[in-house]
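**Q** Protein chains in written order, with our numbering: chain A, 1 to 310; chain B, 1001 to 1115.
One or more hints might be untrue.
What the hints assert, rightly or not - Just a few of them, taken from the derived set where beta-carbon distance is under 8 angstroms, the chain A residues facing chain B:
| hint | residue |
| --- | --- |
| 1 | 82 |
| 2 | 83 |
| 3 | 90 |
| 4 | 93 |
| 5 | 100 |
| 6 | 111 |
| 7 | 113 |
| 8 | 116 |
| 9 | 117 |
| 10 | 119 |
| 11 | 280 |
In case anyone wonders, no lab produced these hints; they're calculated from the structure.
If you're wondering where the values come from, they're calculated on a predicted model, not measured in any experiment.
For every residue, glycine included, the Cβ atom is placed at its ideal position computed from N, Cα and C.
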Amino acid sequence: MTLEKRSVLTSTIAAFSFSLVAGCSGATNPSPQLYDAQRAYQRAAASRASELAPDRLLTARETLDRAKAAEPGSAEEQELSYLASRRARMAEVYADYLHDNQELGRARSLQDRAQRERRARAEEDLDRARKQLVKTQHNLAASSAELRARTTEVVTLESQLDDTESKRQAAEKRADDAMRSLQEVANVRAEATETVITLSGAVLFVTGQSELLPIAREKLDRVAAALADSGDDEHIVIAGFTDSRGSRTKNQKLSLDRANAVRDYLVSHGVAPQRVEARGYGPDQPVADNSTPEGRADNRRVEIHIQKKH
Amino acid sequence: MSRIVLATTLIPLSIAVAGCGGAAAPNARLADAKSALSAAKAADAANVPEGALQIKLSDDAIRTAEAEIQSGDDDRAAMTLERAKADADLALLLARENRAREELRQFQTRAAEDR
């Protein structure tokens, strides 16, 4: 290697010059600076310098070799040793400098990568949040539409309810009016299980007949009106009664015929036939004394029983 | 590099045979050494302990070399100046390394804070 040749050349020349001028320099012991230089070089060689600053380390090495080749104790040896020390130290320091820069570079690129990742994640989060927002807005719109539909429904139902209530009140009023009107022409008695309308036989029928008098119609119209507006679940019994004079059989038949006449009239004026039943009681169940004309008149009657079925 | 090797082989020869004289232009070397020292000072080498020492050594060596040139001892001056330049160069490297280390330290501190 060229290096070896140069060292050999230097050593040879130095040895030659030494032999020529043996008298010029007196000392033969190596100077302490050479020892220091050796140590400095060894330290540098063991440090990062061998990996990161091999050129500078080599320069130091060469200088050290020249120092070793110089005449021991000479000024030249001292100078070269001094230079070798400095150059060994420079190799170390330069290697540290390179190392620091490398570390900084690494740290920076790690940081950049971390930043890029953070930004990418933030963008993903933002994107996800945006999508979520859109979904929420759709849901909100759907809910609003639902709410509007429900509200409309409620309004409709409320108005239907008002309607039904009005109708009910109207029907109630009609029933009350009908009853009041009826009470003008008949005796109306309300009992626990039934309402009883009593009509005098004299105002309904010709004596001894079961044909209805014309004026009876007006009264029976009011009865029909009152019955039409009462509940469908009520059962109506039309009961005919006579006084006790005359044959029982005849009275029985008369009372039944009269009850049927009233029934037929009422059915033909709107009362449901299945609700109405006609019965003849003849002289039974008198309400007054049959021995007086007034009493007998009272007993000759038709009773309409409106029986509540609950 | 070969120049240095050659010079260092010639110097002992010249000392041995002729005693004195015959070295490369001392003033050029002086200018080199002085500019190396300026560079080291400009890089704030004095703020690094070892750097401050190197600056002082370089400074002293330059003054010694100037005296040697004055008294005509060019050979001697050449060696002194080589030393002065090496001291200044080392001072400069120390300053640079110190700054790089400081930069790295600050970066790492800031990075730790940001976490």
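**Q** All the hints need checking, so say for each whether the structure fits it.
**A** Quick rundown of the hints versus the structure:
Of the supplied interface hints, the one on residue 82 (chain A) holds, with its beta-carbon coming within about 6 angstroms of a beta-carbon of chain B, less than 8 angstroms. Residue-level restraint check for residue 83 (chain A) holds (minimum Cβ-Cβ distance to chain B is 5 angstroms; threshold 8 angstroms). Among the interface hints, the one on residue 90 (chain A) holds; its C-beta lies about 5 angstroms from the nearest C-beta in chain B, closer than the 8 angstroms criterion. Against a cut-off of 8 angstroms between C-beta atoms, the interface hint on residue 93 (chain A) holds, since the closest Cβ of chain B lies about 4 angstroms away.
With 8 angstroms as the threshold, the beta carbon of residue 100 (chain A) comes within range of chain B, its nearest partner Cβ sitting at about 4 angstroms, so the hint holds. For residue 111 (chain A), the interface hint holds, the least distance from its beta-carbon to any beta-carbon of chain B being 6 angstroms, beneath 8 angstroms. Given hint, residue 113 (chain A) at the interface with chain B, is violated; its Cβ is 12 angstroms from that chain's nearest Cβ, farther than 8 angstroms. For residue 116 (chain A), the interface hint is violated, since its Cβ never comes within 8 angstroms of a Cβ in chain B; the closest pair sits about 15 angstroms apart.
For residue 117 (chain A), the shortest C-beta to C-beta distance to chain B is roughly 14 angstroms, which exceeds 8 angstroms, and the interface hint is violated. Interface hint at residue 119 (chain A): violated, since its Cβ lies 14 angstroms from the closest Cβ of chain B, which is beyond the 8 angstroms cut-off. Taking 8 angstroms as the C-beta cut-off, the interface hint given for residue 280 (chain A) is violated, the closest approach to chain B being about 111 angstroms.
Hint compliance for this structure: hints 7, 8, 9, 10, 11 are not met, and every other hint is.
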